[in-house]
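Assemble the complex: chain F is given as a structure, and chain D must be docked to it using the hints.
Just so you know, the sequences run in chain order F and D. Sequential numbering from 0 applies to the first sequence in numbering that gives the first Met the number 0. Sequential numbering from 0 applies to the second sequence in numbering that gives the first Met the number 0.
I should point out that these hints are in silico values taken from the structure, not numbers from a laboratory. Predicted model only: the values in this text are computed from it and were never measured. Here a beta-carbon is modelled for each residue, glycine too, at the ideal position from N, C-alpha and C. Do not rely on the hints blindly, as some may be mistaken.
To be verified - List of simulated lysine-lysine pairs, DSS-like, C-alpha gap at most 27 Å: (1) D:K92 to F:K220; (2) D:K30 to F:K187; (3) F:K187 to F:K100; (4) F:K220 to F:K187; (5) D:K30 to D:K92; (6) F:K100 to D:K30.
As the list claims (entries may be wrong) - One side only, chain D facing chain F, incomplete, derived with CB under 7 Å: (7) E22; (8) L99; (9) R103.
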Amino acid sequence: MSSVRRIAIVPAHNEEGAVGGVISELRAFDPSLDVVVVDDGSHDRTAEVAAAAGAFVVSLPFNLGIGAAVQTGFQFALAGRYDEAVRLDGDGQHDPRELPKLIGPLERGEADVVVGSRFAAGSDEHRPALARRIGIVFFARLVSLLTRQRVTDTTSGFQALNARGIAIFAVDYPHDYPEVEATVMVHKHRLRLLEVPVRMREREHGASSITALRSIYYMCKVTLALFVSMARRYATP
Amino acid sequence: MTPVRVSIAASIASVLLLLVVLELIRGRRLKERYALLWLVTGLVLLVLSAWRDGLNTIAGWLGVGTYPPAILFAAATLFIVVVLLHYSTVLSKLTDENVLLAQRLALLEEHVRRGEREGGPADG
Chain F
0 MSSVRRIAIV PAHNEEGAVG GVISELRAFD PSLDVVVVDD GSHDRTAEVA AAAGAFVVSL
60 PFNLGIGAAV QTGFQFALAG RYDEAVRLDG DGQHDPRELP KLIGPLERGE ADVVVGSRFA
120 AGSDEHRPAL ARRIGIVFFA RLVSLLTRQR VTDTTSGFQA LNARGIAIFA VDYPHDYPEV
180 EATVMVHKHR LRLLEVPVRM REREHGASSI TALRSIYYMC KVTLALFVSM ARRYATP
Chain D
0 MTPVRVSIAA SIASVLLLLV VLELIRGRRL KERYALLWLV TGLVLLVLSA WRDGLNTIAG
60 WLGVGTYPPA ILFAAATLFI VVVLLHYSTV LSKLTDENVL LAQRLALLEE HVRRGEREGG
120 PADG
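Just chain F, with the same shape it has in the complex (with noise of 0.2 Å):
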């Protein structure tokens, strides 16, 4: 298609029953597309499924959480000068099919991360747990009101960054929930943040990791984060 050269960077924790499927689908969608998994200290056979399924792996000698495990993506993509990267996770939740409403977008310049959004005008999504739907919607408002610009999902791992931000986001990302203050650190950052409205799917394997008391704690902490990133000086490109 173009001389674009593109990588997608999954993400997997325990999710040899999933990750084969996001592979393929993934080569369905495009052949000459490289997909790193970064395997997140599985006690399963997450690496072996990936590797067969023909991605290059990266397995973390011990789990290390999703903002660190998506950081070693960008380094492997920094490391291999792509120009683009699309992240989505091992659980097969995004679907490949969407990526052309991420990557368009950067193709046209028009930005430099575009998040897929559940919530976004236009997208018919299923709605989460009310717990789950009380942190999104508390962070979305208030996100929104921090960069100023109104997003709507500011959890979705569903994403597509240009080389600009692979290279910030390769030295710098946050931890739990890193999506959350990755929004705040893009608009820090001066790049072009971008909504587009997907539909994702049910999760294919397993539950969300996130139980009540957790999720509180969660919340005060990436609230704390959000805050604190606000008032750090960053480099602007």
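For chain D alone, kept in the frame of chain F given last:
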């Protein structure tokens, strides 16, 4: 009753603690994960210091009639114990991970050396 000067001094100390912690996070010398406990500590101490009636009431509940500011010491000590215990768990996890890293590195070095000796790419 709590002497006013004790309340003022304790409030200033709590605010200083909070400011130092926030500045450390901003300068990336302290991770949010480890800062939350310190922030809670600072906030609780600040509330107990500034809200004099509250401190007196809590002291009453706990049977400390003579000198309510003792509750401040008790609260501070309790939080320090919690923070230290938390650090012990963090340290234990780091120890395990460090061992794993050293083992991985040693195995990898052996793998690379063998590959070099055999004059080809190492596999198996």
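For this structure, which hints from the list above don't hold up?
-> 6, 7
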